[in-house]
Amino acid sequence: EDQVTQSPEALRLQEGESSSLNCSYTVSGLRGLFWYRQDPGKGPEFLFTLYSAGEEKEKERLKATLTKKESFLHITAPKPEDSATYLCAVHGSSNTGKLIFGQGTTLQVKP
Amino acid sequence: GAVVSQHPSWVICKSGTSVKIECRSLDFQATTMFWYRQFPKQSLMLMATSNEGSKATYEQGVEKDKFLINHASLTLSTLTVTSAHPEDSSFYICSAPDLTSGSEDTQYFGPGTRLTVL
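Chains A and B are the protein sequences, given in the same order. Under our numbering, the residue at position 102 of the first sequence is numbered 113, and the numbers go up by one with no gaps. Under our numbering, the residue at position 63 of the second sequence is numbered 75, and the numbers go up by one with no gaps.
Among the clues, some could well be false.
[To be verified] Have a look at the derived ranges for each label pair, beta carbon to beta carbon:
(1) 78(A) x 101(B): 25 to 31 Å
(2) 51(A) x 88(B): 23 to 29 Å
(3) 119(A) x 27(B): 35 to 41 Å
(4) 99(B) x 53(A): 19 to 25 Å
(5) 41(B) x 37(A): 30 to 36 Å
(6) 94(B) x 63(A): 40 to 46 Å
Hint data in this document are derived by calculation from the structure and do not stem from the laboratory. Don't be surprised by glycine CBs; every beta carbon is placed ideally from N, CA and C.
Kindly produce the complete structure, drawing on both the sequences and the hints.
So, in structure tokens, the structure goes:
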């Protein structure tokens with residue numbers, strides 16, 4: 012059974028304090044791993060898609076990496092506006108388009 | 013590109029009434045759309061897959077007669093919550109993959125609809 016586990020559940024950082032969020036997954040035939048950002052009361056906003064181990068993608072202060080078992084979302088010098096819940100999801104070859112989501116990491120960045 | 017909209021953004025209804033939620037892909041066509049629900053401080057749970065021109069596929073435990081899905085066109089899917097009860101109160105979100113984006117597996121989400129049943 013495909014499964015996604017994110018850690019930590021919650022993370023508090025000071026502005027400028029870099030850190031990483033973890034997403035561990037088990038899936039039969041990874042077709043894609045996705046990172047989303049979700050603000051309270053809003054739908055998830057697409058950040059990155061990763062397809063194969065060793066792949067990396069960057070956007071502003073965020074960088075996503077992928078291995079065969081996990082993905083990391085690195086946040087460099089975060090700002091208060093980076094505060095949100097970050098969701099990781101996988102699409103396996105047996106799931107015909109369905110995304111399996113982790114529980115998310117809620118990030119709070121204090122000024 | 014790849015914008016998905018939902019209407020309404022929030023709705024309050026009385027117990028026993030039906031509520032329709034629309035999901036539209038604004039700048040691309042979507043033969044498949046997905047409907048999720050999200051309870052407070054929880055992650056997204058897939059309810060059903062909406063297929064243009066055919067019946068929706070429901071996840072285990074989701075009542076298809078209660079949550080009616082119609083994929084009326086390549087840009088519109090609707091979710092109707094029939095005979096709503098307070099336990100149906102939740103945040104409903106739709107998504108769709110943009111097959112022309114070069115990343116056919118990436119799903120783009122709507123802003124969500126907050127349903128409150130009194």
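Sort out which numbered hints this structure fails and list those numbers smallest first. Number 1 - this is the single hint that the structure violates.
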